[in-house]
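Asker: Starting from the structure of chain A, add chain B where the hints point.
There are 2 protein chains.
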Amino acid sequence: MPLSPGPLSPDELRRIHAYWRAANYLSVGQIYLLDNPLLRESLRAEHVKPRLLGHWGTTPGLNLIYAHMNRVIRANDLNAIYVIGPGHGGPGIVANAYLEGTYSEVYPSITRDAAGLRRLFRQFSFPGGIPSHVAPEIPGSIHEGGELGYALTHAFGAAFDNPDLLVCAVVGDGEAETGPLAASWHSNKFLDPVRDGAVLPILHLNGYKIAQPTVLARIPQAELDQLMRGYGYQPFHVTGDDPERVHQRFAAVMDTVVAEIARIQRQARAHGDPSRPPWPMIVLRTPKGWTGPSVVDGAQVEGTWRSHQVPVAQIHDNPEHLAELERWLHSYRPEELFDADGRLVAELTGLAPSGNRRMSANPHANGGELLRDLALPDFRDYAVEVANPATTFSEATRVLGGFLRDVMTANPTTFRVMGPDETVSNRLGALFQTTSRAWNAQIVDGDDDLAPDGRVMEVLSEHLCQGWLEGYLLTGRHGFFSCYEAFIHIVDSMVNQHAKWLKTTRHIPWRRPIASLNYLLTSHVWRQDHNGFSHQDPGFIDHVVNKKAEIIRVYLPPDANTLLSVADHCLRSRHYINVIVAGKQPALNYLPMDAAIAHCTRGIGIWDWASNDHGPASRSEHAAADGMPDVVMACAGDIPTLETLAAVDILRRHFPDLKVRVVNIVDLMCLQPDSEHPHGISNARFDALFTADRPVIFAYHGYPWLIHRLTYRRTNHTNIHVRGYIEEGTTTTPFDMVMMNNLDRFHLVIDVIDRVPSLGARAAHVWQDMVDARIAARTYTRDFGTDMPEISNWTWPY
Amino acid sequence: MPLSPGPLSPDELRRIHAYWRAANYLSVGQIYLLDNPLLRESLRAEHVKPRLLGHWGTTPGLNLIYAHMNRVIRANDLNAIYVIGPGHGGPGIVANAYLEGTYSEVYPSITRDAAGLRRLFRQFSFPGGIPSHVAPEIPGSIHEGGELGYALTHAFGAAFDNPDLLVCAVVGDGEAETGPLAASWHSNKFLDPVRDGAVLPILHLNGYKIAQPTVLARIPQAELDQLMRGYGYQPFHVTGDDPERVHQRFAAVMDTVVAEIARIQRQARAHGDPSRPPWPMIVLRTPKGWTGPSVVDGAQVEGTWRSHQVPVAQIHDNPEHLAELERWLHSYRPEELFDADGRLVAELTGLAPSGNRRMSANPHANGGELLRDLALPDFRDYAVEVANPATTFSEATRVLGGFLRDVMTANPTTFRVMGPDETVSNRLGALFQTTSRAWNAQIVDGDDDLAPDGRVMEVLSEHLCQGWLEGYLLTGRHGFFSCYEAFIHIVDSMVNQHAKWLKTTRHIPWRRPIASLNYLLTSHVWRQDHNGFSHQDPGFIDHVVNKKAEIIRVYLPPDANTLLSVADHCLRSRHYINVIVAGKQPALNYLPMDAAIAHCTRGIGIWDWASNDHGPASRSEHAAADGMPDVVMACAGDIPTLETLAAVDILRRHFPDLKVRVVNIVDLMCLQPDSEHPHGISNARFDALFTADRPVIFAYHGYPWLIHRLTYRRTNHTNIHVRGYIEEGTTTTPFDMVMMNNLDRFHLVIDVIDRVPSLGARAAHVWQDMVDARIAARTYTRDFGTDMPEISNWTWPY
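Heads up: the protein sequence lines correspond to chains A and B, in order.
Count the first sequence with my numbering and you get residues 3 to 800, in order.
Count the second sequence with my numbering and you get residues 3 to 800, in order.
Only chain A is shown next, with the shape it has when bound in the complex:
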């Protein structure tokens, strides 16, 4: 076949093709071979793994792109990483990391010789070995394969604030059907060509998913072209199944797009012009399972969905399959690629970049290596004055906003705040005193706080916020995600995958810890009374606590100062998922800053000032057993704390002799046994706080069952009675919301009366009063449309 015209000389073409053959050979070897890694002898069934697990279909395309990225990296000294949407293509990325030496550097037992090759092949998708997907174990990856949809958001997250970085992001045509991916093309409206790096999306159309074609491969190319232009890109199409022609065409296109990206950046930076250019992208259309078996058992395999996993699989039962595998492996001519020792031949090793320019060794893909502490102002400077507990009001998140503003100012290139159009709604608007929203679409007169170089990322997509932030953290930076509590469930599955990444990477020595993923969940269930039922769901906490205890932290600061203390702690932490739940509405301040710090540090504690179960001389937790309470009023969350204190006030007035202890929980994981969670408290301490046998009325922010789940092993568990959100809500008043869920002060008093038999004759009257008070509150609300003033303006009288 005559050479196609293109930028590659015959020798370059021959060598890049050989490099691709080597990567493909190593990929097939990983999927199949236990032994005989260089085919130095005839292939026998015992050389082949008994269970064949892996995905071939996407791999040759990934290898092609890798080889051509290597070429332009070397030619242009690019600083590039590779984000692999088709995460099934694990063997290809392992193969490339091995070919360029990184793999042996981080896993010294996988040597660059025949013995190492044998181990490389054997470990893949093998018990005790490595996963079959692009996984944390693979150097160069910031992106686990498996759940699809996040390649582009991760890529953009990596590119933000990395002006010299080029992120090559391969989007599989299966992944392209997902919602998150479909939205994430619009990330180009949030990227500043002056300040940020570049993302080169390569839409790889191999045409098939597991069992059927893909949508984007089956619409006319003109329609696909319009779609990409509509998304704001300049598409370059490369289509083919003849390797040489594709090499030439792809090389030409790669040269063009790399030059175009350089031109865009030069122009933007020379003139300080951040306006959004039509960034180039590539549509690469090549056969699925390219270069693999064409026809197996009479059915077309290459170029169809049948090559998705293992294209020829009956190796141990069918001699023809064994022969087909051997033909396939030999088709790459491994004897030309690897020398007698099993090393890649010298003329090919030079095709990879060297040192940190290797995509598998680029430190951006091991973000912890680049991570630096945030410069944090002293959060105590933002404290609200609290002369007496529960007498003044703050909007806790607004107080936090001032702190976050100064964190932003002090860290102008390594900190971003994400939020789905809710930053101001969530009272974090102080951020806009120091920065703007990132926005690289049209800006018109009258727009506020929009700029291409803004550092608050707002888009009405929790998926994009989450994906950008993950990409940003995974490449060694810091961030903060504020979200309406109910809608954070939109990213449940993304959180799962990130939690799995964190869990796995804790045990990979060469992976350095990254900054924690910090959530502020606000506009929460108890103050979504105006948006109603659809906005009320506190279940994200339940979701995250199923993940590994070592990476999950949940905080429910009850007021502004505790929120400041918790937020500071979270911003300093590493490799966790921190969930902070805090309200944005005016709410009582309970603790002055010093007390707030102490309380947050303990995570859980008796609020002596609200308790009367001991004398002033013994106001310490350890002395509590001396003055055993009649009832423990526990609370976690700002609204439960308010209702608990109000209930305690009522109890005090009606039952002055009743010994009431108030326990407040900031760090929810304290409730678990210390054997289950690093923050868990000992049974002795739990018993000291909650007693061994007194009733505990526990007012909790979320679904009440979680408290039972966390405490079921505790001594006094059978006496713990939990109130929380029981999935009752609508558009109504704040107090009606707590009444609908039996979390209101009057009901908490009823709960105490029901569980403390010693209250005497007055109890029946008070019980009746409480029922009447609930009826009165509801009647007033339904008549006047507001809560009774004495309820909504209630303050703690002590």
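Honestly, the hints are just simulated from the structure, not real lab data.
Just so you know, these numbers come straight off a predicted model, no measurement behind them.
Do not rely on the hints blindly, as some may be mistaken.
Because identical chains share one entry, a pair is satisfied inside a single copy or across any pair of copies.
Said to hold, decoys possible - SDA-like mimics (lysine to any residue), calculated; alpha carbons at most 25 Å apart, straight line:
1. Lys505 x Arg784
2. Lys550 x Tyr714
3. Lys505 x Met742
4. Lys661 x Ala694
Answerer: Chain B only, in chain A's frame:
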């Protein structure tokens, strides 16, 4: 201002504009007014609600579309419903339902007079009244506002198999930024113009979200036009802020698109040509908060994000605001719109369609009215023979596939199966003996089972599958969604919203029950050993059980026959979310069909054939107390059942005197108290099954804490020891997976030894043997890459 050219005569224009003014007036009235609904007296502060909660910004646009839809419905006798993406626009939809009389029909107290108007206004977003969003309470709605992203998928779901239905779907430009919405434009590749109805998407660009502009409103119109063409639509642009011009232009475009849809359908149906046409869609660009206050307190409100909620809000404190509100209300000239009694004037009432042609009264928007039972074949005909328990193998989902195939055949227009490209992978391929995948993109030689009129909906987007199915169910049809267990979390938040819809509509008398949403979660955590950690997550069960007990059902059938029985039950049920978890790999059959039916009907029961805690004469549950077991081995899920039986086998051999009771749970909700869930069993029955004081070793499919949460109130709870998935996984063998999570047979035996002190001298030796067996199993696996044959081929010996 001279009239723009257009299809409306001056009189038509005047009247449609008056109708729009009426809807806008009623919308503003709902947001603001407690009294004085017709402005018959000067507006005073006491006429205005004390809390102003609602969203004005999107409402005038929704009202405009509604009025113009009414016009084309009447002109063409269309059968149409209205799916409202901008769900905040509740007041507009209520206003229109009221104007056309439906509202008073379903809520007779809201009369069509001044008194009714007063009640209509007062109830909106008011305690004891109706939510502020497009909610289940609103006739004509199939779509709760709040969480955004699902308007188009719901619309397509409604259109499937409804050839005469036109679904007008308004997509807000905020919603358009979400992932699910971005992907759902591609739904046109899954719609058959011959068989299905039509969706008319109207992208309503009012330019702003809560606090900032929207992406699609700030890209050049040419780019947006390309985007829509790339998605496969023919866009028509209507832009303006002058009402008369917009009326004329919009009317002209509506005439064009309705004619174009009719032409497409005529042509497709006349020639039986299902090929995908470029369906028309409309881009409507009008100001946010159009016709509302232009400037308030010196800031531009109309046409900006400041009109998102309540544009002038200090009514009670600021006389100027009160005056502005009064001017605003008067600007609609209510005295021309409503007669002396407060009724819409006669010349306007005729602008609405009548009877079921009213979008608010269309029965498709109250799907339960149209719902008919499925024609179900007898599921017993698909039973696998089970002569002896645990001696033969089936792939449970493959057996189910045969049943589903015949359900599909028997219900050719009212049943669909959804799956993200996993129908064959999940062993439901028998469906393709009777239908194909729905596919209206290119089909090429070699493609299997693709057709425009296919009834299996496969796309690599759980969001689309879920949204289509919701739309299909909400309009009165049936469906079944099979999904990889781990990735169903992708739709956690959609499930929340659907659960809320079901919960709320149970208490709305005129809403008829709809078919249940049935999930089959397969390729589950214990048999995702080949895809690894990213594919392993059983937490969806935890997610759904937070929703209201009255609508949640969770089933863990242990084998093929129980799966058939459960599936039949779920397909007959109404208004539930049914979650079925079942494996697809070859697994033991335990129960013949009669026993399977009995077991599933009970939901939980002792497996006498596997137990030895009583003599053959007393093989009934109630007799169990006669022969108290030494240990109860409980199991829920196919793999836990296998491991439990294997452990019982080991126990029998080593401790023949040990009395072991095996309890299997199919219906997980049985474990809850009967006070908590309708399927919950009484404490007496629970104690009879689990004893009051014997150790219970509970092998569970998912996260073990859930079992504690469900049983914490039970007598014997402190003796329940649960094994389940503890978030340990990777690419390894099936048995290694259960070992990593301590759910394996050997560990269950160890658990028994640890908890039954009476086992005597042999216990220490057996304990040691079990540890050795685990080491041997792991060593073998790491050496050979497979499980030891005696483990993977294990069968129950009794």
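Asker: Against the structure, test the hints numbered earlier, and report the numbers of the ones violated in rising order.
Answerer: Violated: none.
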